[in-house]
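There are 2 protein chains.
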Amino acid sequence: MLKLRTSDAGFDKAFARLVKDRRESDENVARDVQTIIDDVRLRGDEALAEYTERFDQHLPAEDDWRIPAEACREAFDGLKPDLRAALELAAQRIRAYHEAQLPEDRDYTDAAGIRLGARWTAVDGAGLYVPGGRAAYPSSLLMNAIPAKVAGVERLVVVTPTPKGLVNPLVLAAAHLAGVDEVWRVGGAQAVAALAYGTKRIKPVDVITGPGNAWVAEAKRQLFGVVGIDMVAGPSEILVIADGKNDPQWIAADLLSQAEHDPSAQAILITDDEGFADQVADMVGVEIALLPTAKVAKASWDAHGTIIVVNSLDEAPALANALAAEHVEIATDSPERLFDKIRHAGSVFLGRMTPEAIGDYVAGPNHVLPTGRRARFSSGLSVLDFMKRTSFIAVSDASISAVGPAAVELAEAEGLAAHARSIALRLGQ
Amino acid sequence: MLKLRTSDAGFDKAFARLVKDRRESDENVARDVQTIIDDVRLRGDEALAEYTERFDQHLPAEDDWRIPAEACREAFDGLKPDLRAALELAAQRIRAYHEAQLPEDRDYTDAAGIRLGARWTAVDGAGLYVPGGRAAYPSSLLMNAIPAKVAGVERLVVVTPTPKGLVNPLVLAAAHLAGVDEVWRVGGAQAVAALAYGTKRIKPVDVITGPGNAWVAEAKRQLFGVVGIDMVAGPSEILVIADGKNDPQWIAADLLSQAEHDPSAQAILITDDEGFADQVADMVGVEIALLPTAKVAKASWDAHGTIIVVNSLDEAPALANALAAEHVEIATDSPERLFDKIRHAGSVFLGRMTPEAIGDYVAGPNHVLPTGRRARFSSGLSVLDFMKRTSFIAVSDASISAVGPAAVELAEAEGLAAHARSIALRLGQ
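Quick note, the sequences are listed as chains A and B, same order. So for the first sequence, the working numbering puts the first residue at 1; every next one is plus one. So for the second sequence, the working numbering puts the first residue at 430; every next one is plus one.
Derived by calculation from the structure, the hints in this document are not laboratory data. For clarity, every value in this text was computed on a predicted model and none was experimentally measured. It is possible that some hints are incorrect.
Unchecked claim - Covered stretches of chain A, going by a simulated chain B footprint (3 or more residues, C-beta under 8 Å):
id	stretch
1	84-95
2	151-165
3	291-301
4	380-392
What the hints assert, rightly or not - Pulled a few chain A residues facing chain B out of the computed Cβ check, cut under 7 Å:
id	residue
5	G244
6	A357
7	A418
Glycine included, each C-beta is placed from N, C-alpha and C at the ideal position.
Using the sequences provided together with the hints, build the complete structure.
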């Protein structure tokens, strides 16, 4: 854990290092991923089977590649009642928040008599990657699948590896609840390639979202442009801005809630109370000991955990904007005062009663958020990731004279003679 | 030019080939671009100078890398009056259309007493690539710069190569009109790398947009994630859907207005009138002969031009959706009837008086549009490309009991103990 004070000489340098700290895997997977993509594109299901057998140590039978809808329904029906109710509450709240995100079409005629507008439509098909093993979170499935369905996507396809043939019933249950249309037992870069190019078995999709390991992330990056993707995702982050009036145990738990995700995750506390800072640091140690996820959480906190003591919390927004963190908690009495000055953040959690984890599950806004300072230029997942906009223009016989001559002038200046002629002919020139 | 009839045996196969036709450069530039990016990242301005001298055959003097605002103003003042008025009309109409695109923030408290919302903000800095030479279009500068300024971007930076030191006064004039903040004489992958990572001279930006050659496009693709980018762009396309009541000369000019952009551009006509199809084909030959851009237009039309004769225009929307073209003209009396069935298109031009070129200059909607079938999943450039959304959540003492227990249930099911504890502690558990 690193401790900094803004009043210390050398703070600027140390903070700049923190901002530049790249916690993302530099694993050199680009070439391997390209080989896999080319191979799946060329040989389709045959390549998919070979990679699946090699990486998942399991080769599904001919009729077992697709997990039937019935199996998903059964998994859902088999949930213990409290968990089923919790999933249902989460789904309902996520749906409500994302329904209000649906963009409005535009269609108007302006003063020049030209009709202009834009029409939004959903993509035909979306693919959702769901990791196998430890990171197979039903909440992530809901957070990706529900916006797609709210957007109006007709064909929503889940791919998920089933190492040694084992499926995660929680994931199947969430797929049922979210209305997923197809679930395939394939994973890794090979599954992403299959979604992008299609195989005999799996029809291609138009957009691919969902979390994954370095191979999956690299495959999405390489296939960006062949399909749409949501974002390049990195390890999770939390920035907690807290005054000294918080319970140090609560804040310690909040910091650890991101640290427990990944040894590369980062938890940062900014506080104006040095005594409180020390209490939180102590409490992190106490809390870690209680966690089944202690090993991961400790690795993250030791390597990347940071406490910054400021003279006044008024210094916090500038630091937060430079960090552009995925999650920002503001645990003060008047959090809006600071929030109004924070421009770059994935999601902000206001007040002492809003731990970040509430947003991971049941608040409603999406928990798929930009990491690695990408909140400077990108947003959390939304219905817009599954939609596209078609603009339209209608010029009438009467209105072409209002804009046509200027367009001819510009086309000629740019040396585009056919552009100019296509308008000039209609102007009777 | 290829001619197909939907009534012919073998149409499906031929049409599938047309849809799959990749007209994008496969130039193997990826490795060279990566070398340039790494070099600029490491050595900054020194590398930038070396590449500029090599590729642009020109090394600006120490104080001449940046083109002063004054030079842009002078270029604008020096325009002939008609051209200046045309640029001003274009800028005003583009601004009006994009101002209405500004997204609304959300802030509400739901039935559970939880405050939820989303706040949109502009990126701090945007970089705009403007090609040198033939493809340096002032209209493209306006189409990229104005949405950025409407979004609220404070620092808008243009990079543009000046081969042998020559600048394009039209581009400088447009930069002045659009309120560009900095113009630098650098181009190629090295300019994109400088914008993404920053050098001593050029501060980094958060988003990079704008057209360019294969090297520029590849640099943007590789730097996606370090910065935001608009899209992966390919050669231009037009699909004209026209009945037999059109003037074949007008339609020929429309087809050629895209063909003249690039030998890889594609112009396609769908008509239900075989006689009209032949008249258009003849007229394309007549019109090409009149064009200063004849060489490019002919190369495009010969290699990629296509006429599809359908039994009824009712067949057109399905073909249009499969092609997902950048530009779609519908030249019929009731174009809405077909438009209502077209889901995948960058921009649609309705009626006989709306040639695509009107949209390139003065209509208002953006002319930066998805190519290469990417209208299946992506949209034209908009203010949203220069903005990002921060969601927020505020749970009160009273409302945490409404959602907290469900969140604890889900966190425990996912094995994320610190997530569960951060909520359970606040519930007094």
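Cross-check of the supplied hints:
1. 84-95: holds (count 6)
2. 151-165: violated (count 0)
3. 291-301: holds (count 4)
4. 380-392: Since three or more residues must qualify, the claim that chain B covers the stretch 380-392 of chain A holds, with 8 doing so at under 8 Å.
5. G244: Because about 18 Å separates G244(A) from the closest Cβ in chain B, which is outside the 7 Å limit, the hint is violated.
6. A357: holds, 4 Å
7. A418: holds, 4 Å
In this structure, the hints that do not hold are numbers 2 and 5, in rising order.
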